[in-house]
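Taken in order, these protein sequences are the chains called A and B. If you count the first sequence from 1, you need to add 111 to reach the numbering used here. If you count the second sequence from 1, you need to add 111 to reach the numbering used here.
No lab work stands behind these hints: they were computed from the structure. There could be a bad hint or two in this list.
Each pair may be met inside one copy or between any two copies, as identical chains are not told apart.
Mimicking BS3-like on lysine-lysine, the simulated pairs with C-alpha atoms at most 25 Å apart in a straight line are [unchecked claim]: (1) LYS189 to LYS402; (2) LYS402 to LYS201; (3) LYS241 to LYS261; (4) LYS404 to LYS189; (5) LYS261 to LYS189; (6) LYS201 to LYS404; (7) LYS211 to LYS114; (8) LYS261 to LYS404; (9) LYS189 to LYS201.
Predicted model, so just to flag it, every value in this text is computed and none were measured.
There are 2 protein chains.
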Amino acid sequence: MTKVALGIDIGGTNTDFAFVDRDGEVLIEGHLETRNFSEVEVYVAALVEKARLAGARCEKDLDIIGIGIGAPMGNINKGTIEHSADLPWKGIVPLADLIKEQINLPVLVTNDANAAAVGEMIYGGARGMKNFVIITLGTGLGSGFVVDGKLLYGQDGFAGEIGHTIVRPGRTNRECGCGRLGCLETYVSATGITRTMLKILADSIKPSVLRDLSPNQLSSLDISKAALAGDSLAQLAFEHTGEMLGFKLADLVAHTNPEAIFLFGGLALSKGLIFEPAKRHFEENLLSIYKGKVDLLPSQLNSKNAAVLGASALAWDTFENGKK
Amino acid sequence: MTKVALGIDIGGTNTDFAFVDRDGEVLIEGHLETRNFSEVEVYVAALVEKARLAGARCEKDLDIIGIGIGAPMGNINKGTIEHSADLPWKGIVPLADLIKEQINLPVLVTNDANAAAVGEMIYGGARGMKNFVIITLGTGLGSGFVVDGKLLYGQDGFAGEIGHTIVRPGRTNRECGCGRLGCLETYVSATGITRTMLKILADSIKPSVLRDLSPNQLSSLDISKAALAGDSLAQLAFEHTGEMLGFKLADLVAHTNPEAIFLFGGLALSKGLIFEPAKRHFEENLLSIYKGKVDLLPSQLNSKNAAVLGASALAWDTFENGKK
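My request is simple: use the sequences and hints to build the entire structure.
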């Protein structure tokens, strides 16, 4: 029998899962499309069945020690997902309980960005760091804080929701899925940059290849490709997105004074495009005592597996020695 | 011999100090005016001499275990004050070393708000709390974070400088002593509210008793008195100040998810005036998962002694058992 943890990363679009051994080796993995499931019970049944089939397909006999889950608005204290703006399920979803009804295993649910932070700390660029933050740029914007070598959960298990800090105050600001206006993730995320792109296309009269795409078609990947091909309006969208990100990360530093901030996820992959403006505006906005001291870095995790590895690492950390 | 810690609170205007026993009893205290000393060496000499004289006047024989200091931009790792916008001394001030040249005692320097946080945790309203924040409203705006029952210092000892997060982005914003524009403390602090008051007096044509005071004369106390006497423009200044504060505290919660935030200091004393609008805008701006869960509370410390008690508590905590 090979001991493994089941790591699950639930995103607004996709869910990835993997059986991971103690050394971070993925033995077998799979995925399903989150957005296809409007009912969470059906989603859980499909997820558990997919994982069961994958486990059975594995050439080794698996001894599963527990399940670690990263999900937007995942609450570590209660095993719930609460009022996520990015998932199809509204209100409070008792995810750990729903899964335990199907499998007799311990389940841990946390913020997907917290899971990524643990992954970065154990397998990635934050090895040896005690104080850092990870920013995940996906459908939304997540963040995970590590303070003194430990994940920061906060009183209710909801620390690190800086995607829902306000960038631009005012009543005419962008609507956020959370019901408020002007949240950081309405600007800095895969969906945020497409909104910025539409605004730029509305304001400018310059030509752009992106004018042929409908708002529903337009993706951050299209903008990234156009920017790399020299489309000046697409480049401007990255400049604005990086400015917003750099500006708010400078504010973040004045809260917890980390030594590094990692950018992770699809949008962060277009390295030069988002990093250059983000770094410039970050340094420009930092209070002098922090200037030059806080590194803004790309995640050094294999981005395909990172969140799943992080989720599995959480499970190893918590369940290996029967802590919970 | 009675064992005591010497607690020192350095503010932009005044410095308070006290010899405090293990139970938080102030045996003897004193103060001097920070702003009268343009040279830090002269300030330290005067401070040490004042403390020496006070100690000699005490009817008990004092055995001083160490010195705890709260100061704006105080750095716990290095014993320095670095680039404070609120003190007369620029650059990096090696405060602990300067004091040790005069007295052979261990010295600990931290953010004045961190010292207040320890005071609140040991003697005040945060007894038993594990995750809370204190906001000190004085000449500037300081903040101290407690996470899992411990002060949050951050990588460089500078966590909790939210007075220098940006409220209103833009190049036409208020100048801050830190050299940047639009910092929270340019709006929310004793000096911030006087700037807001001047702006209101400029914009409005309504009469106000405050129109007889020059910008140099006008103090937050004048505004507070006028507001309590029914001056609608002074009341508007508190409304705006509370709005800014509530708005940024909602952002803060999305970072570390505390269970309570305490307001401390002169400006916070005008309870109804600042609390009512701050609380309203705080709740209004909170992400739904936090709504109704984070208390905004007045500090329950005797405000006159709180910072000094906090500084002494830090010294007790660190030096009592020869930890440092």
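Non-conforming hints, listed in increasing numerical order | Nothing - there is no hint that the structure violates, so all of them hold.
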